[in-house]
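Residue numbers (the numbering used here), protein chains in the order written: chain R, 1254 to 1368; chain H, 22 to 134.
None of these hints come from the bench; they were simulated from the model. Treat the hints loosely; a few may be bogus.
Said to hold, decoys possible - One side only, chain R facing chain H, incomplete, derived with CB under 8 Å: (1) P1271; (2) K1275; (3) Y1292; (4) L1300; (5) Y1303; (6) I1304; (7) P1332; (8) F1343; (9) D1353; (10) Y1354; (11) K1355; (12) L1356; (13) F1358; (14) G1359; (15) A1360.
For glycine and all other residues, C-beta sits at the position ideal for the given N, C-alpha and C.
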Amino acid sequence: AQSVAQPEDQVNVAEGNPLTVKCTYSVSGNPYLFWYVQYPNRGLQFLLKYITGDNLVKGSYGFEAEFNKSQTSFHLKKPSALVSDSALYFCAVRDMRSNDYKLSFGAGTTVTVRA
Amino acid sequence: SAVISQKPSRDICQRGTSLTIQCQVDSQVTMMFWYRQQPGQSLTLIATANQGSEATYESGFVIDKFPISRPNLTFSTLTVSNMSPEDSSIYLCSVETSGRVKVFGPGTRLTVL
């Protein structure tokens, strides 16, 4: 079984401040990890992924995430948030050993960046 | 990466009726995935559709309620049958590209009255 937990329903930060969105996962084997963003009335957009290699991965719009195997976490970060980063963020996991290609999503975290 | 289009983008339907959602991909793919996003909630996988075989449904979803067709490698349909207000959701089509990234369509926003 695989699952994702996003412990915060909402994150509020001031523009220019660092932004962190938390994610922890559970899989039987090794994980493939992903972050997606959903803007109001728009589809789901891919931000970044961890497949293998460096634990720190960089993605779109200045976002990055750090894979921590011992803590089973994959927190999303941005050093300086913008008002335009306000959106709904989803963490997702897939078991590397799985051959069914299923992706499990967290409940989502609403980010609000105030000017 | 793949580009996905869905039709309709939104619809308002009466309870008891059915709606068929179309998903078109600009490249050939083996697997297509259908997700549901209920209001204020996360995405839940409904089923996986492979060309030339029956769709595989997740727990809680059945073929009679959500029949799926997959006539070729670029197209799939999902029908929401005998709708009730609880079916009001965004329905998303998805494919997996090289690099193991899932790409999603823009979604179909369904409201059932």
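### Message
For each hint given before, does the structure comply? Return the numbers of the non-compliant ones in rising order.
### Response
The structure breaks hints 1, 2, 3, 4, 5, 7; every other hint is satisfied.
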